[in-house]
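Please model the complete structure; the sequences and the hints are all you need to start from.
Here's the letter readout for the chains.
Number of protein chains: 2
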Amino acid sequence: MIKNLLQSIPTDLTEEVFETLAMGANIKIERIISKGHSTPENDWYDQEQDEWVMVLQGHGILEFEAGKELEMKVGDSTNIPAHTRHRVKWTEPNEETIWLAVFYNS
Amino acid sequence: MIKNLLQSIPTDLTEEVFETLAMGANIKIERIISKGHSTPENDWYDQEQDEWVMVLQGHGILEFEAGKELEMKVGDSTNIPAHTRHRVKWTEPNEETIWLAVFYNS
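Protein chains in written order, with my numbering: chain A, 642 to 747; chain B, 642 to 747.
No lab work stands behind these hints: they were computed from the structure.
Careful, some of the hints might be misleading.
Note: identical chains are not told apart, hence a pair may lie in one copy or across any two.
Computed list of lysine to any residue pairs in SDA-like fashion (alpha-carbon distance at most 20 Å, straight line) [unchecked claim]:
1. Lys709 with Trp685
2. Lys730 with Gln698
3. Lys730 with Asn746
4. Lys714 with Asn746
5. Lys714 with Ile643
6. Lys644 with Val729
7. Lys669 with Ile721
8. Lys714 with Met642
9. Lys644 with Lys714
10. Lys714 with Arg672
Below, the structure is given as structure tokens:
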């Protein structure tokens, strides 16, 4: 069975949409769709697992508590080690940003 | 650090190019670049792990020993359970096909 990740975009994007694509032993593959969403100010993701993430469509900015920002465009990927506090600072308001994320244990 | 998966394509594509993007406990994320490559006839991948795979660029056809074929275009993803014998039947000869594969334990 094929699932196209650039299609079947939910019409209601009031909230970010998280969808599990595959799940295994201590690993989850997720599609996340944002449209102008960002993490609330001073709110940080502090995850138990490593996260490898890429942008399939759109454009977003990740901010790290340590100070760095990463501007992520189509095809860009990065790895966020467990407990590396970060947030989504900005996503494109006029187009869906489609993230692919893999959560795993290092 | 950002790595763009649609860029830094090796110039020598005599053989398919496999590149590990991230690795954890029983999980590997890999970029595979094909250009007209296919698995030899009657040769099947028979993998110990599940594989979730998608096409980031290009076009390929997966064939399963059980008889099914999956034509995979940009954005298409599928999940191949462990020991599901399959091969790459065809990839676009005129353009690089970029696959993203996650190998994991179910």
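Results for each hint:
1. Taking the shortest alpha-carbon separations for Lys709 and Trp685, only the intra-copy value of 14 Å comes in at or below 20 Å, while the best inter-copy value is 45 Å.
2. Taking identical chains as interchangeable, the C-alpha atoms of Lys730 and Gln698 lie at most 20 Å apart only when both belong to the same chain, with a minimum of 17 Å there against 28 Å between chains.
3. For the identical chains of this complex, Lys730 and Asn746 are neighbours neither inside a copy (25 Å) nor across copies (33 Å), given an alpha-carbon limit of 20 Å.
4. Taking identical chains as interchangeable, the C-alpha atoms of Lys714 and Asn746 are never at most 20 Å apart, the minima being 26 Å within one chain and 30 Å between chains.
5. When the C-alpha separation of Lys714 and Ile643 is checked against a cutoff of 20 Å, the pair qualifies only between copies, where the shortest distance is 10 Å, while the shortest distance within a copy is 25 Å.
6. Proximity of Lys644 to Val729 under the C-alpha cut-off of 20 Å is restricted to the inter-copy arrangement: shortest distance 18 Å between copies versus 26 Å within a copy.
7. Proximity of Lys669 and Ile721 under a CA criterion of 20 Å is satisfied in both settings, with 15 Å inside one chain copy and 15 Å between copies.
8. Taking identical chains as interchangeable, the C-alpha atoms of Lys714 and Met642 lie at most 20 Å apart only when they sit on different chains, with a minimum of 13 Å there against 28 Å within one chain.
9. Taking the shortest Cα distances, Lys644 and Lys714 sit within 20 Å of each other only across copies (10 Å), while inside one copy they are farther apart (22 Å).
10. Proximity of Lys714 to Arg672 under the C-alpha cut-off of 20 Å is found in both arrangements, the shortest distances being 16 Å within a copy and 18 Å between copies.
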